[in-house]
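Student: So you can see what is in the structure, the chains are spelled out below.
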Amino acid sequence: MKTILETKDLSIAFGGHVAVNSVSVQITEKKFTSIIGPNGAGKTTFFNLLSGQLSPTTGSVYYKGRDITKLPTTERTRRGIGRSFQITNIFPNLTVLENVRLAVQSQAKVRYQMIAHFLHYKQFEDKAHELLERVYLKDKAKSIAVHLAHGEKRKLEIAMLLALETEILLLDEPTAGMSLEEVPAIIEVIKEIKRQEDRTIVLIEHKMDMIMDMSDEVLVLYHGELIAQGTPEQIVENETVQSAYLGGSYNEQLT
Amino acid sequence: MDLIIGLTVNGLATGMLIFLLAAGLTLIFGLMSVLNFAHGGLFIWGAYTGVWSFQMTGSFIVGIIIAIITGLLLGLVTERLIIRPVYGNHIQQILITLGFMLVLQEFIKVVFGPDQKAVFPPEILQGSFLVGDIVLIKYRLFIIAVGLLIFIVSSFILKRTRVGLIVRAGVMNKEMVQSLGINIKLVFMLVFMVGSGMAALSGILHAVYSGVIYAEMGLEFSILAFIVVVIGGMGSFSGSLFAAILVGLAQAFMAYYVPALSLAVNMLLMTVVLIFRPQGLFGKG
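Chains A and B, in that order, give the protein sequences.
Numbering-wise (my numbering), the first sequence opens with residue 21 and increments by one.
Numbering-wise (my numbering), the second sequence opens with residue 16 and increments by one.
Each hint should be verified, as a subset may be incorrect.
[Claimed, not checked] Calculated cross-link-like contacts (lysine-lysine; reagent style DSSO-like; alpha-carbon spacing at most 27 Å):
#1 B/K132 with A/K158
#2 A/K160 with B/K153
#3 B/K189 with A/K142
#4 B/K174 with A/K147
#5 B/K174 with A/K142
#6 A/K147 with A/K51
#7 A/K162 with B/K174
#8 A/K158 with A/K142
#9 A/K142 with A/K162
Derived by calculation from the structure, the hints in this document are not laboratory data.
Pulled out of the complex, with its shape left as it was, chain A reads as follows:
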């Protein structure tokens, strides 16, 4: 089992507030890792450090053994770390198809033949249609993204993320703000990805049943610190986690 993404003593402080405190983790290649923790535990901040939206105060991030701490987001995406955002991040006034096409074309290695490929994006559109089909959005291709229902926007976002063909997918609370009816559909999409693809997925979520069901490994953050790491079963049994996060009541919920 190879480590694909690793942090060493990763910390970030905003003023006096230490949002992520000396976190060292190893994320295994092609596994499904979830990050849990109460609100304000530093989960999204940790993601921002992994994807490059934020630079750490101290510590480093390694991707495939290389130090990427100083690389900007763009470069990290190119190397293989893609992420989705807690607040839906799409291009509101483009069509669904254009949204995905943009993601597809950003991956195309034709930067030095820009003129030749200036107009020809048939291949991109085909790929985009294919991706939309996979997230069950095919019939919405011509809609303007802003008019989609919330759950559909989430699916669109995932289609864009898939288009990037990054080895790692960082999913920041894909069910955030969703109505109860919409949740199963998105879980289905994520499961599909897990089943079909050989990718490393890191997920931030609050929906416990979803995490316990899908994860190979769970990380628990609490006040910016990593307090536990293990399989879902180990996490449920872990007493530190129970008292800190689950309040001792999760076991009862489970049964």
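Take the given structure of chain A and dock chain B to it, following the hints.
Tutor: Chain B alone, transformed into the frame defined by chain A:
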């Protein structure tokens, strides 16, 4: 009737010139959130270098090409040296671009001298067509044609090409474009250069239109462009065309019927738009 048509052509020509200046401004603002007060400086440099090479070579086409090249190069330098260090900070942007605007303006006087210069249209564009009893001044029609052409080509690039899609997406959501692994800095630079080139084109066309050039012209004319950007909606390309024509027409008709109001009318338009639609006529959000 002929009067109305004459005034309309006037208004459209002025509108197109303002559009060429405002289009770059609105894209630069929409994509990069940069308030570029140096835009008028690029306009005036386009005007002077264009007129100079037009008078040296006798070819208006050469003048236009030199003006555009000057705009592109100055745009490149401005973006790298002046704008790049102050991304994300509006106060610093206003101060440094306004300062740079003055530097560009005063440098005109150093290079080309402080006096006003008279400019005449090339022979082929002098005079007018007579359609019935309506007089259509050739050079004004030429400006309208150039403006429309630029609008159509730019719209095509924005709507139908890969780079265009990136620019449109970037106006909506910069962070996400970056997360897709697209080098937005390169796109910024290109848009800034194209915007500057359009400003310079507007400069040379305006120089011949008004028949005279002077260093302060850039600052004066760019105020109209800012008004147009506000009316049309920051970041909206079609909005800037619509608003520019609106402002051009309003000014042309007011100048004839109520001359005292011809300058105030633009401010009034802007005020009304700001009261009822603060995001601009075509603005989103």
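Student: Mind checking the alpha carbons of B/K132 and A/K158 for me, to see if they're no more than 27 Å apart?
Tutor: violated (62 Å)
Student: Is the Cα-Cα distance between A/K142 and A/K162 27 Å or less?
Tutor: At roughly 15 Å apart (the allowed maximum being 27 Å), A/K162 and A/K142 satisfy the hint.
Student: Need the status of pair A/K147, A/K51: alpha-carbon distance at most 27 Å?
Tutor: Holds: A/K147 and A/K51 sit about 26 Å apart, inside 27 Å.
Student: Does A/K142 lie within 27 Å of A/K158 when you go C-alpha to C-alpha?
Tutor: holds (17 Å)
Student: Would the hint linking A/K162 and B/K174 be met if the CA-CA limit is 27 Å?
Tutor: holds (15 Å)
Student: Does B/K153 sit within 27 Å of A/K160, going by the straight-line distance between their CA atoms?
Tutor: The hint is violated at about 49 Å.
Student: Straight-line Cα separation of B/K174 and A/K147 no greater than 27 Å?
Tutor: holds (19 Å)
Student: Below or equal to 27 Å on CA atoms is what counts here, so check B/K189 against A/K142.
Tutor: Holds, at roughly 25 Å.
Student: Would you mind confirming whether the straight-line C-alpha gap from B/K174 to A/K142 stays at or under 27 Å?
Tutor: holds (15 Å)
In this structure, the hints that do not hold are numbers 1, 2, in rising order.
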